[in-house]
Amino acid sequence: VDAQAGQDFTLQQPQPKVAVTAGETLTLNCITSGVAGPGPVMWLKGWGSGNKTVYDPNNKDPSSRVTMAVPGSDTNFTIHIRNVQPEDMGTYYCVKFVKGITGADEVFKRGDGTEVSVQ
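Numbering (the UniProt record's numbering) for the sequence shown: 1 to 119.
Note that these hints are calculated values from the structure, not bench results.
Be aware that one or more of the hints could be misleading.
Here are the in silico distance ranges between beta carbons for each label pair [stated by the list, open to error]:
hint, residue 1, residue 2, range
1, V107, K60, 18 to 26 Å
2, G23, G103, 38 to 46 Å
3, E24, I101, 19 to 27 Å
All C-beta atoms, glycine included, are put in the ideal place defined by N, C-alpha and C.
Kindly produce the complete structure, drawing on both the sequences and the hints.
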């Protein structure tokens, strides 16, 4: 195991706040650079016990309103959420996970969060 792996890894979530009109498509930006250990980049809504997975690359739902802006990219994890509704309001986090010693995914790096308001 390379102890240096991941030290040069950055995750940028550049939008502090986004306002969108109900029914529109919301774009949430997340760009990574550098190298980290194996593990997915996911989008979560909220943080802590009440969080909800918005996008998980290993568990794609074909009927989902959420799609990758650049499918297959390993540096651009920007997502589109179509037909946004008031219940979509909240703070969204782009999160890089890496496999821990136990084999479970652990949070490696988290974006600053994007606060979404729906009019």
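task: Kindly indicate which numbered hints from before are broken by the structure, ordering the numbers from low to high.
output: 3
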